[in-house]
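Letter by letter, the chains look like this.
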Amino acid sequence: MPSPAFHSPTSVADAVALLAADPGARVLSGGTDLIVQMKSGRVAPTAIIDIKRIGGMIGVRQDSSGFMIGAATPCTALKDDKALAAAWPGVVEAANLIGSVQVRGRATMAGNLCNASPAADSVPALVAARATCRIVGPGGMRELAAEMTTSGPGQTRLAPGEFIAEICLPPRPSGGGDAYLRSIPRTEMDIAVVGVGAALVLDASGTCTAARIALGAVGPTVILAEAAGAALVGTRLDEAALDAMAQELRAVCQPIDDKRGTAAYRTAMAAVLARRVVKLAQARAGVAE
Amino acid sequence: MTRMLISATINGDACDFLADPADTLLDALRDELGLTGSKEGCGSGDCGACTVMMDGDMVCSCLVLAAEAEGRVISTIEGVADGSQLHPIQRKFLELGALQCGFCTPGFIVATKALLDRNPDPSESEVRYWLAGNLCRCTGYDKIVHAVLDAAAEMRQDHQSRRMPA
Amino acid sequence: MNAPESKRAFRLVGTRPVRPDGVDKVTGKALYGPDFVAAGMIHGAILRSPHPHARIKSIDTRKAEALAGVKAVVTGADFPSSTSHEILLGEGTGNVRYASQNCMAQGKALYEGHAVAAIAATSEAVARAALELIEVDYEVLPHVMDIASAMASDAPLLHDDIFTKGLDPKPERASNVPLRFTTARGDPAAAIASAHTVISGKFTLLPVHQGYIEPHACVASWNSDGQGQIWASSQGAFMIRELTAGILGISQANIRVTPLEIGGGFGGKTTIYLEPVAMLLSRKSGRPVRLAMRRDEVFRASGPAPGGEVEITMAADADGTITGVELEFKLMGGAFPGSDTHPAAFSALAHYNIANCRVTGWDVLCNMASTAAYRAPGAPQTVFAVESCIDELAIKLGIDPIDLRLKNAVRPGDIGLMRVPAGEVGYVECLEAAKAHPHWSAPLGPNQGRGVAGGVWGNYGGSSTVVVSVADDGSVLVTTGSPDIGGSRASMAIMAAETLEIAYEQVRVNIADTSSIGFSMLTGGSRTTFATGKAVVEACEAVIADLCGRAAAMWGVDASGAVWRDGAVHCLAGEQKDQVLTLRELAAKANFGKGPIAAEISLNATGILPGFGVHICDTEVDPETGHVAIVRYTAVQDVGTAIHPDYVEGQMQGGAAQGIGWALSEGYLFDKSGRMENPGFLDYRMPVCSDLPMIATVMIEKPNPAHPYGVKGVGEVPIVPPLGAVANAVSRTIGLRQRDLPMTPDRVWSQLQAAKA
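Those protein sequences? They're chains U, A and G, same order as listed.
For the first sequence, the numbering used here gives the first residue as 2, with consecutive numbering after it.
For the second sequence, the numbering used here gives the first residue as 4, with consecutive numbering after it.
For the third sequence, the numbering used here gives the first residue as 5, with consecutive numbering after it.
Just so you know, these hints were derived from the structure itself, not from any lab.
Just so you know, not all the hints are guaranteed correct.
Unchecked claim - Calculated lysine to aspartate or glutamate pairs in the EDC-like style (CA-CA distance at most 20 Å, straight line): (1) U/K80 - A/D34; (2) U/K260 - U/D191; (3) G/K411 - G/D323; (4) G/K33 - A/D58; (5) U/K83 - A/D60; (6) U/K40 - A/E35; (7) U/K40 - G/D323.
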């Protein structure tokens, strides 16, 4: 197996051209999935396109449309952006549960999304927060909702030659709050057995006017549990509402038994965590930005 | 198989080395540069024995391609001491018996320094979560955590006394 | 806590100086197994069987050999055939034929990951590329991965020459059961039949790995004149020499093994996997060859501790006297015989004085890696069942669990299954210290529970050689053949400096290669501070006698007139009375006077005493998720004398942490095709820093009369109590007896759900 070529383009156009020229090329951001998979023989790229030296790939921008997070921004850097951490603490925390501090010095949310593990930690939080991906490729730029980006374990809806340039988050809605929790066997370092992200909007009286609940590791891709979210809208997030939400959640879970957990456990934990994460999001929704 | 010439700053020195595109920074440090202080425990970022600093971030060097090191500033365990003068973290690890076989120790020392450079007064819980990416099988972590907290206290003291007027 | 009996006042023993090898280890300079580089070195890689059980019909290496950069190829055909013979390795024996076949398959692949061929090439990348060009024709055979399947009468056989030892009459048909061992005293069946209370249980455990962070690695260089060198990290350089020589059919003097620093072993590095392969690659290529395992190879192809089943019935009187125990265990030894049957059997009840007991153990083969020693091999498994049963008994009888253990604890003079009276054992003292410890009476919060468990390990003595020599400036060099796996250089320096009555810094400790010093048994079995330490002390005493003799001659007095004190000889009689000759002064005159000052001691240390531990564990269980958190942990242990308390505490804390991982989160997982699902640190879950609290330690010092400083082995005991301590804590927290390890969140949760129903 010959060694791959290595390129460090400094513009999106150059990166797109390199990818187009070599169908066996892979994009490198943080490398925490790609390099592991190269070493285990799971992938054998013919070229590696390091996008970290492209201007704008690393860093968080903010304008009236919300936040634009460069695709190669390491998870640990998200914590340092005070505005982002205040607006979407669930997303930032989720990203900062991936691996270890060392891994988070490299891993990116875009990479986490594109690796398309059903258990990816940042994904349920991104989906709950209505994140979108700005994708570049031979056909130009397009946007795709985070929940539409993955189509199965290890599979994305990115076309050949495309890669994510930015992840965009809307501004935090007034009365909004988000949170993410996961179940792992130890206290750190594990892949999520179940992950639940929730983003709520409460009105001045504390009534829920919008709710998005997303589940990780209970299906082949992230599940946006629309009925579960709907069960919370119009309520004050009382026990009956949470019970109704949990019921809807269990209905959409389609987990498997694997070395990290049983299907029964995952479904049960989805409901347990969802209650806890909704309470967290609710507490945050009450806090002014 | 064409190797690339990489130039980086390692422990303050300008270094040039050859790397295959598939080589990791850990491979380059150990096999090309003879810096065997960073260890391979797993090769997949799960044990932290290969921890180094790259442009101020703590990373697993087994998850960085050697080619990515081009132009970067890297520090390894070999650069923690100031010449022959041990860093307080190194001294505390020795004084408190925070190593048994010593294999994980370089990774822990680099990780500890990264923590204390950012957070000079961490709680026990903050120390434990920061170091969760560094596996130790010998010590049960108890003496390591004590050494980190002690080193932090000593470094805060040093910092204070350096700031005091003469 | 009882005061230790007549504790001597020591200058250095019991203090905590910095270890002499410390600076190298905190600066990254120390050279471990994977760090060594030999001039002209090339790189090896191993092809491993993807099948758990297969006949190897042919191996075609021609394409691999033709790849540019490939310098040598080795297969099982290159290994000399050896008769099945045992060699003494210390705590157990090693079988040379099995060791050879484990290093490289000879005819059959017996587990996924079993080495079938090896390549040496100019780079590791070329070597690995060459592996893909080797064509192996496998005839896949059915595999067995569990006890029932392995023991079934129609089970596929791993070997066709295994006839269960210990069965009478000897079986006529071969099986997958190398050994059945039983030992008994009194009449346990009668005791159980007439007992006031009987508790029974069946306990299960998965295989677990020692989890050392440093993967196996070595460099070997074997010349055409038959002389070879090996550089490797290991728990025993002489063990490497002996096994490699045995496997390759060469004389031991022809191999020099240089021990490098070792990144953890815990028993897993008391055997070899790579060295004979590297030697053969080196012989064929004419170059030194480096061969190392990657992490997944460590899991698949080095030896874990066996999993299995333990069934126990325990009978007691109303007052808590345990009157009878029947215990039967089956441990899965993997591809080759040897799953710690004897130590598992003898450790099960050795901390108690039980008049009627029978312990029966079975070694069962299966298609996974051949098991190897892991810290107190066999004891954690059987003691887990015993300590859980005692806890259940305590609850049933309404007796405090420590009091129940005190009632039945082994005391000096008691005779157990090993049929020798117990010596100055300290289990009672440990139990009393645990009971008096603030942890035992600390309040518990909601969803919390407390467990206690005891444990024992017999320890080992064995052979060591030590040389103590004095340079002409009075500095002292202690040379041993015992690799330092956790700070033993510091302990040797302390014992030498204590004996010589000189400064700690005046002593340096060197670990020699196998050609530079006489034999030492490997560093394991909790033997090094005891046996090598004893040799160090005796060598220092010999040096002292020599120095006193030289001084006496200079003073013209007889031996009784020259006595050693505070690092010098003092003249007690004659004209030179009260004269003093220091070590430095005598050393300065030595080399060109009477001759160099040096003493060598070779001994086979006797007088070992077992070690005992008692661990207290508080757990908190999240009733909704089944997560178990360790909220408080205290380890009490009878350590004899703590030469260097930091390193004794370190053994206690490290063993406890391993036991906690074994209890809560570790275990080999296999899929239906017999392949390991979790051969990495991501899914083989060892405790990380945030999983554990501080581990409090209490060292009970009840000195061993057979050691000059009272040392008892301490390294292995601490892994024995935690399985029971954690399981008892969880059992009491949720009110459900835990019998299956690991107690993962989903298993705990499932039990809670079932209990609600």
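Now for the hints, and whether the structure bears them out:
For the hint pairing U/K80 with A/D34, the CA-to-CA distance comes to about 35 Å; that exceeds 20 Å, so the pair is violated. Proposed proximity of U/K260 and U/D191 is supported: the alpha carbons are some 12 Å apart, at most 20 Å. Under the criterion of a C-alpha separation no larger than 20 Å, the hint pairing G/K411 with G/D323 is consistent with the structure, at around 9 Å. Our distance criterion of 20 Å between C-alpha atoms is broken by G/K33 and A/D58, whose separation comes to about 24 Å.
With a C-alpha separation of about 18 Å, the suggested pair U/K83 and A/D60 falls inside the 20 Å cut-off, and the hint holds. Our distance criterion of 20 Å between C-alpha atoms is met by U/K40 and A/E35, whose separation comes to about 19 Å. With a C-alpha separation of about 62 Å, the suggested pair U/K40 and G/D323 falls outside the 20 Å cut-off, and the hint is violated.
The earlier numbered hints that this structure contradicts are 1, 4 and 7.
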